[in-house]
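From first to last, the protein sequence lines are chains A and B.
Take the position in the first sequence, starting the count at 1, then add 18; the result is the number in my numbering.
Take the position in the second sequence, starting the count at 1, then add 1; the result is the number in my numbering.
Worth double-checking, as some hints may not be accurate.
Said to hold, decoys possible - Below, a list of computed lysine to any residue pairs in the SDA-like style, where the Cα atoms sit at most 25 angstroms apart:
1) A:K272 x B:W51
2) B:K13 x A:S66
3) A:K264 x B:L42
4) A:K207 x B:K20
Note that these hints are calculated values from the structure, not bench results.
Treat the numbers as computed from the prediction; the structure is a model and nothing was measured.
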Amino acid sequence: MNEAFQLEDRSGLKRLDVNFVLVVIALNIIGLINLYSATHGAAATGLSQRFLVQTVWIGIGWTLFMVVTFVDYKIWTRAAYLFFVVNLIALAAVPFLGKSIYGSKRWLDLGFFHYQPSETMKVILVIVLARTLSKVSSPGGLGIKQLVWPLTLTAIPFIMTVKQPDLGTALMFFAIAFSMILFVGVKKKLLIGALVTFLVALPLAWQFGMKPYQKNRVLTFLDPSRDPRGAGYNSNQSIIAVGSGKILGKGFRKGTQSQLEFLPERHTDFIFSVLSEEHGFIGSMTTLGLYFILFFLGIRTGTQARDKTGALLAVGGLALVFWHMFVNIGMVIGLLPIVGIPLPLLSYGGSNLLPTMVALGLVSSVSLRKFLF
Amino acid sequence: MSYLSNPEEQVKDYSERFKLLYIAVAVTFVIFGIRLWYLQLFRGTEYRFWSEENRIKRQKVPAPRGMILDREGRVLVDNQPGFDVVITPQYSQKTLDETAKIVSEILGVEAKSIVKMVKQGKRKDGAFKPVIIKKNLTRDEVARIERIRLNHPGLRITMPIKRTYLLKENGAQLFGYVGEITKRQLKKFNEDRVPEERFEQGDLIGQNGIESFYDETLRGRDGTSYVQVDAFGREAQLEVPDIFQNFQQLQDSEPGKSMILTIDRDIQEAAYNAFVGTERIGGLVAIENKTGKILAWVSSPSFDPSHFWPKIPHDEWVKLINDPFKPLRNKVIQDHHAPGSTFKAIVALAALQEKVIDINTTHFCPGYLRFGRRTYHCHARGGHGNVSIVQALERSCNVFFFKMGIALGINKIAKYARALGMGSLTGIKFKNEVPGLIPDTDWKKKRFGEEWQPGENLSNAIGQGFILTTPLQLAMTFSGIANGGPYYKPYFIDKILNVDGQVVKQMEPELSRNPTNKLNTEVQIDPQNYEIVRKGLWSVSNGERGTAKWYKIPGVELSGKSGTTQIISLAPDQVYVKCKTRPIQLRHHGWFVGYAPYKNPEITVAVLAEHSCSGSGGGAPVVRDVIRSYIEKYRPELLKKKRVAVIKEIEVQDE
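Bound conformation, chain A alone (with noise of 0.2 angstroms):
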């Protein structure tokens, strides 16, 4: 066991993915200068409180990055169920102890910072997930005596999330799962069952679940020019924002849709439509190039994984990762709804920006145990 570790550490740096580290710290650069456009405005002297504090982030994200890289992720998948509880904890505290931002509940205010329990849930479910799914596998996909528990995981913080209220988290959880899931395999005819399930409860849903704002948001965005000044307002001022970019942007710092303040929660949400204006059609096309690398990389990890946890870490790692970036781009370019829900590495904070840095680092932990057999 010693010896075995020992190996291991010895290897340890130069099995590393460093491409896949490279482009991380690509994004993370691309991040902070973007950052550093969004919250200094022209009459701005001297670094923003938001600026320095994201780089304290970055730090300590890259300190968990290499603690997840270098410690061997079978430690996390069999404290799965600690942390799982640990949170669901935390997010159960967030209805009486929470701190209330725009109208719904999601932060614990830890005093140095507020807490938001359901973005660290993001990546325990990934971890809990693998943990689980990779036992019970079976030849021809799953059944649902198999994949009771695994949805029973996912539904618990699903719901608890939804209750904030905050849609758009809670479908992470799902997407999360439902990717791990279907990656695993499920029975052919289970799955069509699921299908006809939701396009059944999809209406019900519409009509009895969401709240009218929600309900407005998918309405605006299947028809932007209802509202202009209301609801579509932010969907339009972000589809402008990324248009005005054309070939090679307005410049750094001279996005008039955000500088002029146009574009709402640009340092967060819309963070990608100040990156699209102020650098045109190849900044945003280099950015989206870089995510497709760190999927790729990520993707290849999860081909050479030494066991199924691995894989199933790396796919569920990334899953994170890629849905948050989905989701996010496709809604600042007009292709999804308005949610609230950052892009990865870009978006400003420290809520999101951990999880993904551990995601990614479970994923480059898989990476450096590739070869171990």
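Based on the hints, put chain B in the right spot on chain A.
Below, chain B alone, put in the same frame as chain A:
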């Protein structure tokens, strides 16, 4: 440890699905890439335009409005900076109560109402639009606000340019006023305008008088500039190289042209003082006989046009439109009334020219005349005895002119009246002029479907009945009589100047009609007949029994004619007796039209003194004062030449 089964084998189960993952990621990348291409390359120019539209606001740079000057270049209407105190809601949020308190002490406005105004303004126009707390601060108030300003965020003094009418109420109906364009005007004026020149809500345009009639000349052309604003409409600084790429060039404003009027400020002020000093209601116009230039133009009661800039307070507006004496009406041309006895001068000319009488013809006036089944009264109950045409004019004998009316008939009277300028527009370039009315038999048939009654010749011959005229019209007619024939088109704009002071348009006197040589007239009137009537008009203030003999200017022979317009029909013997005791709205209007000097007259003044009971009492003293001010200024040598003992003025109300 736990790796008992072959883990690599296990992972191989997934290999097919990993391929799916690659595909899913690749497809996403392609879709997003296409979308970005579509937005940024395919439609990039369009979205760039919209982003520019977002941040660039077109701003009007209002052109300075032209000034209005008197004939000597003295300013009558000007643009002057005013001082307003404003509070911007956004910056005064925390300190509003405190600010309101201290400002209320300085301005004497209630603190509560200040807070209310600011909050209302915020709700209506947003937090960044300054709310005007008080306009037109005094210098002292400005100084005190400036002293506390820095401790009260959001509190500020602004200096808007204000249209200022230096004569205040005097001449308000002539100058008019400037105010915000109304919704109806907006629609009407923009119909046939190119988009760049369209009016916008909040634009100020001339709403009355010269300001309105010559709005195009005075207004100039607004320029445009572009400012960058943020999402909240605040002006924002941000260096962007291609800042106005997609927008048309900036356009400088083109200042409005100034106008030099024919008005003489001194005469105008004398006229207004004479009018208002005697608390007269009505209109006055003074013209130059030899040119038609208007020297003074007064309508009373009046208002201060400055209050309309940019918007008149509602209660003040309500007061103005509900005033029974209609301050907003331009009584010089907008209202017509029966000319009363002033019309006798016209009938006299007709009678002389038609040879109904000559200078020696006399008629006996017993104080009344029976005609048909009615008795027509003269105002002198005892009668005027034997009177000639000159004496009939001097004493305003009704009986004499009843006889003229019978002899001439309305159609002949009408022909002469029209030749003298009655019953039609004077041709002045101004709005709202009414033409008055000279009736004849055809007119009556058309209007009422009735035959002209012989008795109506009598009443119309003394200026009652259907005849209607305006002060300006009467002034023109009398200027023609004074001139012995020719009279000119009245006008009040002498020159139009551009911003550099160069004359771009110079008006010249234009002869309107001349009955002595049938210029623009149907009938001819011989000069000697003019002389006879002029003699009669001279007697009105210079003869021993003249109706206006109390109103003289020593050294200057003032001529003229008085007239009274009955508002309601009363028994003739009660007409004058009861006038002063009636409610003011039921009292008669008085007319007086005078000119001077007797030889070679230079100025004619017509006064309509509404509800003043009589022309000699109500109109003559005003005419006398205006003409005196003219003589003092332009012909002072006349006053020095003859030193006649000043006759004490007697307050006479009745003729």
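Original post:
Going straight from one Cα to the other, do B:K13 and A:S66 come out at no more than 25 angstroms?
Top reply: Given pair B:K13, A:S66 is violated - Cα atoms ~50 angstroms apart, limit 25 angstroms.
Original post:
A:K207 and B:K20: Cα distance at most 25 angstroms?
Top reply: holds (23 angstroms)
Original post:
Are the Cα atoms of A:K264 and B:L42 separated by 25 angstroms or less?
Top reply: holds (5 angstroms)
**OP:** Starting from A:K272, check that the Cα of B:W51 is at most 25 angstroms away, please.
**Re:** holds (16 angstroms)
The structure does not agree with numbered hint 2 stated previously, though it agrees with all others.
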